[in-house]
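These protein sequences, in sequence, are chains A and B. The first sequence begins at 1 in the UniProt record's numbering and counts up one residue at a time. The second sequence begins at 1 in the UniProt record's numbering and counts up one residue at a time.
A few of these clues could be false.
As the list claims (entries may be wrong) - Simulated DEER-style distance windows between Cβ atoms:
no. : chain 1 : residue 1 : chain 2 : residue 2 : range
1   : B       : 250       : A       : 198       : 32 to 42 Å
2   : B       : 23        : A       : 160       : 20 to 30 Å
3   : A       : 44        : B       : 73        : 47 to 57 Å
4   : A       : 134       : B       : 13        : 12 to 22 Å
5   : A       : 224       : B       : 39        : 48 to 58 Å
6   : A       : 44        : B       : 110       : 44 to 54 Å
7   : A       : 134       : B       : 226       : 46 to 56 Å
8   : B       : 131       : A       : 168       : 16 to 26 Å
9   : B       : 13        : A       : 147       : 33 to 43 Å
10  : B       : 14        : A       : 224       : 25 to 35 Å
11  : A       : 224       : B       : 114       : 56 to 66 Å
12  : B       : 138       : A       : 86        : 58 to 68 Å
13  : B       : 138       : A       : 132       : 19 to 29 Å
14  : B       : 14        : A       : 253       : 33 to 43 Å
Read the hints as simulated data drawn from the structure, not as lab findings. Ideal placement from N, C-alpha and C gives every residue a C-beta, glycine not left out.
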Amino acid sequence: MSGTTSTTPATATTSQKTPRKAPSSREGNPAKAGWFARITLAVICFLWIVPVVGLFITSFRGETEANSTGWWTVFTNPGGFGFVGFDNYTQANATADLGNAFINSVAIALPATFIPLLVSAFASYAFTFMHFPGRDALFLIVVALLVIPNYVAFVPILDLYGSLGLSGTFPAVWLFHIGFGMSLAIYILRNYMGTLPLSVIESGRIDGASHFQTFWRLILPMSMPALASFAIFQFLWVWNDLFVALVFIGPGENSPMTVSIQNTLLSQQGAGWNLVTAGGFFSMIVPIIVFLSMQRFFVRGLTAGAVKG
Amino acid sequence: MATITFEKAQRWYPGADSPAVPGIDLKIEDGEFMVLVGPSGCGKSTTLRMLAGLEEVNSGHIFIGDRDVTKVPPKDRDIAMVFQNYALYPHMSVADNMAFALKMAKVPADERRKRVDDAAKILGLTEYLERKPKALSGGQRQRVAMGRAIVRQPQVFCMDEPLSNLDAKMRVQTRTDIAKLQSDLGVTTVYVTHDQVEAMTMGDRVAVMKLGELQQVDTPLRLYDKPANLFVAGFIGSPQMNLMEGVADNGEVKLGNYHVPVDPTAAKKMQGNVTVGVRPEAWRIVGENDGGLPVTVTVVEELGADGFVYGTSGVEGTPHDIIIRVSARDSVQKGETLYVTTDPAKVHVFDTESGARLSE
């Protein structure tokens, strides 16, 4: 009796183990990753976090300390920290008017994110579910535009804005970001919509939904993961953009945070490391919050377009 | 309520070498449950989708009642469709799924709620109305898809293999539920399936299709008793009819050196190569010396109520696999030899080349 009871569980566990082990290594569950992957991950995380930590520490140091010793020395010599509390933030804000710049950044980033999102969602619906001559060729052209780097268009567009009187205004950057964000947006969204079950759309047609209703009530809610991922992507890109804003808005009352920090704190004040880091850290808060709170969508959405399910 | 008439309705997919449905003529009566059945690629789904307006009709006409709907968009045809994968709207609750069509048709909210509640009661979905499709089982999702069709109170139900995603037990139960529901509501229904058991059990009439052409449209029993050609004979019935190729010889069919007597009509008409068909249950087991066809048993399936014996006929020149239905209590052993015969009236004779039925 005891012989049978001891052998049965043993065979049961071995037979269960073999099929389980094989897929787990392929699924890439981080908790079960090998040591090589873990160490690589740790190194990459470390390399990415070091500058952020440096920025964070320096933004709380006094001007003399920040300019004379590196931030890493505070670990060996805590006395040389020169902690000044939030003084750097207050001063950076006063010098560069970061409050106003923050509002400008929001005013630039939100429309530059949501307008291309909506327009490309419309376009992707048409490219996916409507039949018209030249559809595939048109889609190919739109996607092919992805290869054009945006800075080749700076001079002609600046020229155009000059004659239209748009330079230095918000619409100038909106239009630029909309134009150059659209290719990627259409590419991601169309690929995602292509994976939605066609019978749902057919069911909508039988249920009497027009194209607009199908789009608005069925396709848009079902495309949420792809929409969210593109929105985050575009928002972070526009928020962190210095180049486009510098060229088309430049320093002044409309300038976003990146331009204000670069122009006022870095170029004009010179040498004020402590202020630059405070401003820089301040401008990073929003992207960090956006990314941390929505990374679930970000990761899922980018793969969702390519891999079904 | 309405009749449905297909008049030479043709569907030719762009770029295809031949039409998926070359031209179908079919009249479906008011309130009838019509099943389109056939192997995959036979054009049954295309036919249904033409009726629903999801496929363009290249030539010919489709009428619902007296109205020519050939060019009418799906939403104006007054039809409802149940899809194979149910096609539920994943982000909406069950109630919203069912009410969607009514909302699109601008039916007032009170009326909507009432109709959804009524349909939910019929289908036993009342307690699930607030759930999302994700939180339902396969059978419940299937019922939501049915509910979505019912609330519209359409003239025609189109069902495209609505049971094929269910497990076997659920399928049998839902099959009866749908048939009962349809007869209660009396809505003309076109139902597509590849499963001949579904076709036989559900349809008032069954249309058997092959390569886009109708083979036979008839009641299930007549399809079974008088299949119009070889294809229908082989397709309808499970296990399938025993089909044996032979040669017409003097009013009898010669299978190797065994002679099969046939009915007078067939005896008169047949010549050359013919195929004889015998249903598994039409065989009679006889004694060794009574002139029966000898069959060597290879497999015995005992199903409780009855049993099926699979064997090889030992007739020289034509070794055939033979299926015989026996009573479950007849103990037949593997390797045994049985002698079987049948009545001329139960023999179906077909022309081997054209496949046409020669028996009465």
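The hints, checked one at a time:
no.	hint	result
1	B:250 / A:198: 32 to 42 Å	violated, 59 Å
2	B:23 / A:160: 20 to 30 Å	violated, 59 Å
3	A:44 / B:73: 47 to 57 Å	holds, 55 Å
4	A:134 / B:13: 12 to 22 Å	holds, 20 Å
5	A:224 / B:39: 48 to 58 Å	violated, 40 Å
6	A:44 / B:110: 44 to 54 Å	violated, 60 Å
7	A:134 / B:226: 46 to 56 Å	holds, 54 Å
8	B:131 / A:168: 16 to 26 Å	violated, 54 Å
9	B:13 / A:147: 33 to 43 Å	holds, 35 Å
10	B:14 / A:224: 25 to 35 Å	holds, 33 Å
11	A:224 / B:114: 56 to 66 Å	violated, 32 Å
12	B:138 / A:86: 58 to 68 Å	holds, 59 Å
13	B:138 / A:132: 19 to 29 Å	violated, 37 Å
14	B:14 / A:253: 33 to 43 Å	violated, 58 Å
Hint compliance for this structure: hints 1, 2, 5, 6, 8, 11, 13 and 14 are broken, all remaining hints hold.
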